[in-house]
Amino acid sequence: MALNNEERIKWFTEARFGMFIHWGIYAIPARGEWIKSQEKISDEDYQQYFEEFNPINYDPVKWARIAKTAGQKYVVMTSKHHDGFCLFDSKFTDYKATNTPAKRDLVEEYTEAFRNEGLKVGFYYSLLDWHHPDYPAYGDAHHPMRDNETYKGQQRDLSKYIDYMHNQVKELLTNYGKIDVIWFDFSYDNMKGETWKAAELVNMVRQLQPHIIIDNRLGGNIKARDPEIYAGDFASPEQIIPPEGITDEDGKPIPWEACITLNDHWGYCSADKNYKSPKQIVRALVECVSKNGNLLLNVGPDAKGEIPEESICILEQVGKWMDKNSDSIYGCGAAALPKPEWGRYTQKGELVYAHIYDKTVGPINLRGLGGKIKKARLLSDRSEVKVLRPWNAAEYPDDAFIDLAGASLPDEIDTVVELEII
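Quick note, the working numbering runs 58 ahead of the 1-based positions in the sequence shown.
Hints are not guaranteed to be accurate.
[Claimed, not checked] Below, in silico cross-link-like pairs of lysine-lysine (DSS-like), each with a Cα-Cα straight-line distance of 25 Å or less: (1) K417 - K337; (2) K430 - K378; (3) K68 - K382; (4) K236 - K98; (5) K126 - K331; (6) K218 - K120; (7) K430 - K397; (8) K120 - K444; (9) K210 - K228; (10) K218 - K149; (11) K433 - K397; (12) K444 - K430; (13) K444 - K406; (14) K126 - K236.
[To be verified] Using C-beta positions, here's what the derived DEER-type ranges look like: (15) W69 - W449: 19 to 29 Å; (16) W449 - S328: 55 to 65 Å; (17) P285 - W449: 52 to 62 Å.
Just so you know, these hints were derived from the structure itself, not from any lab.
Quick caveat, the model's predicted, so the values are computed rather than measured.
No residue lacks a Cβ here, since even glycine has one placed at the ideal position from N, Cα and C.
Input sequences plus hints: build the corresponding full structure.
Structural data, given as structure tokens:
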């Protein structure tokens, strides 16, 4: 039986928190995944990284346990990035992990490890390919050889590349069992929509994996009243959280996922130590959920296959908060209340979660909830939080108040109070 969009996307809008993994041979120069384009490196000069790629410490079971401990419910890993290098054993190219010193299908191990930990599994696949001989080079917006005159007169047959790309997507969705997400990246200029034969591609994807969900980067308009077949199941804002969530032309909420880096790069960058704090990550996650969105948080493993220690430490701290407060995240969405001055709300059915960031002067005001709260509990330990009618709040009869004793909050990252609404 065919699934409709709501049925396909249900698990995604309940999961709310996922891990993005950017990994490839660009981990060796360790200056980010766009290095080949940014530094205009030729295939010949980039080849050294292919020839020495040997992630001797790659342990996807460890990665999966890091994600699970952090409270993440799904994962998306780069099967092929813009440089064209494949982490999987594709029969359509020699430019793959099995032909490096690694001699392993790294995607096969990844899917098995994360599935075994109970996480949903996704593939990122770049529509771009700076290695393929038929992908546009000279004059392209991003190709490393975009302004190299020696490439000017080359004859490149884009249709051959499109066939190659479709064949690889078919491999990914045929050879690795059930896949939950396919994350295409990205469309630009004239390289969008039917240039990719996007309708044909999506029909193939749906036929191979009826349950799969697809992002919105094939070039369609997901906000349209009548979106293209390839417009995607969810929107994918990058390095930004939309100010009011995402809706279509009629104001109906669209599922979305903010993809965010832990530091300032997707792929491993050894010099980038500008990591976000656990507090920033938790609050970013809460903000996404409060606007009916997800957070896809990136890690960039190094050339040996290790997730950076800084990333692991942050994820462990986020996981400790999630251990106590995940009820306010999983299955939750926007509350039918205005954003409070002291933090944010999330909601699941009759339960409203007050995410309190700031200790106010006097009792904490829950605007518009006067007489509407049956019970209040601190989510982390289920201890009672009394709903008050303070002597100095007579002028605010429509509001409810709670008081968290002490000069500081119980949890400075985010103190969550569960409110059972009448």
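Checked hints:
1. K417 - K337: 16 Å, holds
2. K430 - K378: Measuring from Cα to Cα gives roughly 31 Å; hence the hint is violated.
3. K68 - K382: 24 Å, holds
4. K236 - K98: 37 Å, violated
5. K126 - K331: This hinted pair holds, its Cα atoms lying about 24 Å apart.
6. K218 - K120: 39 Å, violated
7. K430 - K397: At roughly 17 Å apart (the allowed maximum being 25 Å), K397 and K430 satisfy the hint.
8. K120 - K444: Between K120 and K444 the Cα gap is close to 43 Å, so the pair fails against 25 Å, i.e. violated.
9. K210 - K228: 32 Å, violated
10. K218 - K149: Within the cut-off at roughly 15 Å; holds.
11. K433 - K397: 21 Å, holds
12. K444 - K430: With Cα atoms ~13 Å apart, K444 and K430 stay inside 25 Å; holds.
13. K444 - K406: 21 Å, holds
14. K126 - K236: 19 Å, holds
15. W69 - W449: 19 to 29 Å: 48 Å, violated
16. W449 - S328: 55 to 65 Å: 59 Å, holds
17. P285 - W449: 52 to 62 Å: 55 Å, holds
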